[in-house]
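Line order of the protein sequences matches chains A and B. The UniProt record's numbering numbers the first residue of the first sequence as 1 and each following residue consecutively. The UniProt record's numbering numbers the first residue of the second sequence as 1 and each following residue consecutively.
DSSO-like cross-link-like pairs, simulated, lysine-lysine; straight-line CA separation at most 30 Å:
(1) A:224 - A:278
(2) B:134 - B:36
(3) A:251 - B:36
(4) A:251 - A:224
(5) A:224 - B:36
(6) A:251 - B:134
If you want a taste of the chain B side facing chain A, the calculated C-beta under 8 Å gives, among others:
(7) 22
(8) 44
(9) 103
Keep in mind the hints are simulated off the structure, nothing from the lab. Note that beta-carbon positions come from the ideal geometry of N, C-alpha and C, so glycine has one too.
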Amino acid sequence: MSLSLPTFLQARREAMLAEWIEASPGADAETSVSLSTEARNRQMEILFDEIMAPLLVDPPTDFLPGPEEQASLQEHLQAMVTEQARHAANATDPIALLFVLRQVLLDHLAQWPQASAETLAEDTARLTRYFDQITLFTFDSVIRQRDRQISEQSMSLMELSTPVLRLWHQILLLPLVGIIDTGRARQVTDHLLEAIARHEARVTVIDLTGVPIIDTSVAQHIMKTIDAARLLGSRVVLTGISPEGAQTLTKLGIRFGDVTCRASLRAGIAEALLLTGKCIASMEDSGR
Amino acid sequence: MTERLPSIELAIGNSADIVTARHAAREMSNQLGFGKAHQTRLATAVSELTRNVIQYAGTGHCMIEDLSDARERVVQITIEDHGPGIADLILAMEDGFSTSNGLGAGLPGTRRLVDDFHISSSPGMTRVIITVRKPA
Chain A
1 MSLSLPTFLQ
11 ARREAMLAEW
21 IEASPGADAE
31 TSVSLSTEAR
41 NRQMEILFDE
51 IMAPLLVDPP
61 TDFLPGPEEQ
71 ASLQEHLQAM
81 VTEQARHAAN
91 ATDPIALLFV
101 LRQVLLDHLA
111 QWPQASAETL
121 AEDTARLTRY
131 FDQITLFTFD
141 SVIRQRDRQI
151 SEQSMSLMEL
161 STPVLRLWHQ
171 ILLLPLVGII
181 DTGRARQVTD
191 HLLEAIARHE
201 ARVTVIDLTG
211 VPIIDTSVAQ
221 HIMKTIDAAR
231 LLGSRVVLTG
241 ISPEGAQTLT
251 KLGIRFGDVT
261 CRASLRAGIA
271 EALLLTGKCI
281 ASMEDSGR
Chain B
1 MTERLPSIEL
11 AIGNSADIVT
21 ARHAAREMSN
31 QLGFGKAHQT
41 RLATAVSELT
51 RNVIQYAGTG
61 HCMIEDLSDA
71 RERVVQITIE
81 DHGPGIADLI
91 LAMEDGFSTS
101 NGLGAGLPGT
111 RRLVDDFHIS
121 SSPGMTRVII
131 TVRKPA
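Only chain B is shown next, with the shape it has when bound in the complex (with noise of 0.2 Å):
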């Protein structure tokens, strides 16, 4: 088993924050081994939720980790904001649902772009937690 990767801690803050950490994302993914459908799909939840952080909460941070282990190749990536947070997550997660006139499809779209998906939302702090594996 070869070390893991360094993690990589990017604040975000304006969009093009957004695309450093997209090609992080896209980067890291490249160099475990994940395939370009994989990377493409991973890079575009980040993109969604950075870009929700920007949208809804102005700044954050997003955090992309390598937590492969001897079975898989394991990206994991967490994305904070210390916004108004969610009012009704189950209302978030439908799709369809905007607050902001938007498709509705981000949150929900996320969640199926990615093999784990943990959301937790209160007002000053929301996070989500998604990540992407495959066999070693």
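Next up, chain A with everything else stripped away, as it sits in the complex (with noise of 0.2 Å):
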């Protein structure tokens, strides 16, 4: 009797299933944070009969069709990617799962009690090209992850690194960190603002020191703070400008015309204080 390769496969579902959950990277370690052992072998399950759909139809097909073609293999090759994401495991691990589910069906296609060295050499290089094509697509999704949690991160980095910090009665301390661009120089004026005006701030200490480059358009963007604060009727000392920056832009041409300039932000704290009306003493000077 002729037992043809679709069935074959079909009738070694479980056994195939089963060696590649065991063989699986991850299998082992006890990284079940988000899904228990029971919840990550179900998906797996799905994904295995989402792969092997394709193979189990009879008469075999010459072309198998790839992922761009499988709108819920994508899906959860996908969701398989996501999942390992959260494990913080490694990016490779997605691939190596999916390697490790090709070895499995190679091992079995071997099996089969009609193969010819001539049938293997045929099924190994479909199931190759097939495989090729979902490794692809899962590196793919691999990457496109992190680029997400990466323009993630450098929003909440965007969120933490504007702080306006109320340093005194009435002076605040607005410490700039990185890369002023478009967006961060707009945030930055709306947080330093709105804090003017709660704080009814008559001083402002803009400090720059974190700011590793000072070209045309972050002095642009620093000068339109300045205005805006001044409008809200708090004057700004601005420090931590380095000597090799002070030289750059003066090269460059910007003036920051009669902003007050300190060089640090002991000295801008300072003339805050001055301007304020209020000095830090020593305790023998103030007469006790």
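Combine the two chains into a complex, taking the hints into account.
In structure tokens form, the structure reads like this:
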């Protein structure tokens, strides 16, 4: 009697699935933070059936449709990638998972009773091409997943890195750190103006120590921020421009005109206190 | 005379590339023994020019080369784009002129930051070559 390859594979489903789950990376690790072993196995089973579906078409087709043509396969591959990423696993884990499955399939393929050297070579090639497509798609998903993570992180970094600090009564400190692009600049200005209004700040110290390069675009953003602060009645003291930065700014022809500047944050704070009629004195001098 | 440092070629397409390019320029000038002021000036110049690429042309290229010889240390940076070009170069090199409501200090300021400055522009091809040098 003859047994077609799809029928054969169908009969081996349980065995292959068990082998895959057994051999897959992370099967033994205690990483089940978000998914129980049971849930993970169920997810793998669904993915297994999705991947196997085109192989079970009887009679076998020469061409196995890639993930581009199978929306549900795409979906489950992506779910697998997302799941793996959540475990903070290696970026290669989803790919390794697929390689394991391919190996399992190839092993079983060789055990097909009707297999001849010819059919085996042909089926191996067919299967390899199919898995190549799936792997490429998965790799792409992994990259997109990472990209998404990175942009989410930079968003939250942006949130974190624009604090407006209340230094003293009516004095605010805005430490600028990192890259000032249009988006950052707008956000910084928003935060600052809101804080000025809320605290009725008379002086704002803007510290540029953490800004690596001040070019015309950055300078323009800072100037606009200063202008806006002034409209709310807060004077601005600019601090932390490095000696090289100062030289570069003058060469560029950028003038901060009538903005009060101090070399260090310390000097800037002293100036801000002076502007509000206060000073820091040692306790002996205060006549106790 | 030691070997020259390998050239660095970068695609310019978004604001992260500005940071990469100016970092690379700073790094190369640092390796060649330029002082901190020199490094900052060069990095700022690269920042200006690559920002122009993104603002006016969208994408472009940046090439950072070590052209040092026995007599002097030289870093040359070529920045190109295939954007619409600069209509009036003489006007664009004047302080305070800007077509985009900027400060108008970018190009003339950049020229003052570096030792050599060449610009050529026509629709479809704008190229700026800047060089900093110091005696070996």
